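So the protein lines, in turn, are chains A and B.
The first sequence begins at 1 in the numbering used here and counts up one residue at a time.
The second sequence begins at 1001 in the numbering used here and counts up one residue at a time.
I should point out that these hints are in silico values taken from the structure, not numbers from a laboratory.
Be aware that a few hints might be false.
Said to hold, decoys possible - List time: in silico DSS-like cross-link candidates among lysine-lysine, alpha-carbon distance up to 27 Å:
hint : chain 1 : residue 1 : chain 2 : residue 2
1    : A       : Lys67     : A       : Lys113
2    : A       : Lys168    : B       : Lys1289
3    : B       : Lys1270   : A       : Lys113
4    : A       : Lys53     : B       : Lys1179
5    : B       : Lys1179   : B       : Lys1270
6    : B       : Lys1307   : A       : Lys67
Said to hold, decoys possible - Which residues of chain B face chain A? A partial, calculated answer using Cβ under 8 Å:
hint : residue
7    : Asn1152
8    : Tyr1194
9    : Ala1279
What the hints assert, rightly or not - If the Cβ cut is set under 7 Å, some of the chain B residues that face chain A in the computed set are:
hint : residue
10   : Val1118
11   : Asn1120
12   : Ala1217
13   : Gly1272
14   : Ser1275
15   : Ala1278
Keep in mind that this is a model prediction, so the values were computed, not measured.
All C-beta atoms, glycine included, are put in the ideal place defined by N, C-alpha and C.
The primary structure of each chain is shown beneath.
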Amino acid sequence: MPKNSILQTNYLTMKGKILIGIVIIGILAAGAYYGFGYLTKQQDKKIAKLEDKINFLKEETIPLRFKILEKDTAQIKFIVKFYDQDSVEFNTDTLTLQGQELSFDFDVVKIKKGLSIAFPTKIFTNKIPAKKGIILFKYYDDHGFPQTMSTNGADTSYVRLMTELFTKIKTGNTEDIKGIYGSMVQDIAKLNEFQVNHIYKIVIHSKGGIEVSEDL
Amino acid sequence: MGNSQEILQQINWFLKPVSDFILYLFTTKTGYLLLLLFLILYLIFTIYNALKVRKIAHEAISRNLRPSFFERMYIFFSELIKAFMNIVSKLPVLLGVFLILFGIVGLSNAFTTIDDYVNNQKRIQELKTVVKNLDKSYIVAKLNIEDVDYVNNITKLKVYYYDYKLDDYLPNPQSIEIKGHDIYFLNYVMNFDYSEIESGNKVNLVMPYKIFSEEVAKDDGILLQTTDSLGIPYIFHRDDNEIYGIDKDSYYSRLKEFAEFMTNQEKARKEGIKSFYAAAPHFINRIRKGQSIVIWVEQTGGLVLKKERTF
């Protein structure tokens, strides 16, 4: 075979190899792009789900706030305000109790997996046993519906469930409410007392924990 | 994985701008205008060059000789057609160039997608850790109801404190007898900011303090024995793995700091403590002999109470 022909054949073979190489790289790049693109979309869904879960875990509601008006070694005078789920204040009262530490008691009910709600039940102090505390139902009993649970867009089944739970709690017929328990929060005398003229909030967490802290 | 991602990022560092420029040229109006401008310039220079060559050729024969208008028109159109024919004849090469150009775009996009995938994977891991840390609950104690006397309204119970070092309840419970049957299990609770909990740097702390009931006021309640021989509350006992990021000695010295937080609110706030209060979960339904009630501290804040699951 003449030398020129051999060189031409080699040149064509090399061009073919380069072309095949480019095509293979192209196919691999396209595969990676679409493959990883699909996986990234799946990841985005997973990320959104995890972020929702985090937001849900951090969800808080504030059914009541209070402010200490006067306090001495014998009694506490305070104002308490009630709020619905949309943070709208709907009732308030000024109360005086014997004692130095103020206790707010709730009934906590798990309504679905990972979501608990709380009904304020009574206020008592370190000197007054729970049994003799101030019952709070009258402050948020709206014709049988617990107004602290009122929210815009509530459907009939929600209203029915809340009314049914509230009726049972008010009358003490809680035996058939699965997982119900009481939860009281209060200040700690000498260590971290509620201060006069400071506003405090009671926070209900989605998992059922209750927290009291200053409303800064 | 980290190294591979770095290599891809480095390659993409120069591929990406090239890819962006190619996409700009072939997908935007300005890009098309630029390409058209290049083509027009190419044609102008080609035709101008041919005309100039013909003019010099005429001048070489006679200084006064110039190409006629028709000749110039002929050259103009012939060069125009020649340029297009040249482009057509080089189509395979041009296609090859296009293939390479779009290969660069594809490669750069593929690298970007892989980079996004790896970054998303990292984000998922981070979020999973956040969910895990927020969703965690720790056992504080277990109340075993030994006897409920509804006639005399007296409840007898045993309190088992959970020791995280043992990873079990302490073997010696505290026996309690109290008037009433709605038993309030009072604790000091210290909740940290979500950011501290999310990162796993801190766990909400609980120290059992007293037991009282619906009949017995808190001041008349029964004090709980919740500390070891060194005075360290059992709830603070942690297995080495549970002591986040610090050694055991440092951990116990941190406990002293926590004691300080109780009396220094400003310091507490700086350390990410969002609330410090007392909380008492209580079992409101009719308690019965043999029941076991477990108190948990939630990392989102507060305490919860659950009946112990029995087989």
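We went through each hint and held it up to the structure:
no. : hint                     : result
1   : A:Lys67 with A:Lys113    : violated, 34 Å
2   : A:Lys168 with B:Lys1289  : holds, 24 Å
3   : B:Lys1270 with A:Lys113  : violated, 35 Å
4   : A:Lys53 with B:Lys1179   : violated, 42 Å
5   : B:Lys1179 with B:Lys1270 : violated, 42 Å
6   : B:Lys1307 with A:Lys67   : violated, 35 Å
7   : Asn1152                  : violated, 16 Å
8   : Tyr1194                  : holds, 6 Å
9   : Ala1279                  : holds, 5 Å
10  : Val1118                  : violated, 9 Å
11  : Asn1120                  : holds, 4 Å
12  : Ala1217                  : holds, 5 Å
13  : Gly1272                  : violated, 13 Å
14  : Ser1275                  : holds, 4 Å
15  : Ala1278                  : holds, 5 Å
The earlier numbered hints that this structure contradicts are 1, 3, 4, 5, 6, 7, 10, 13.
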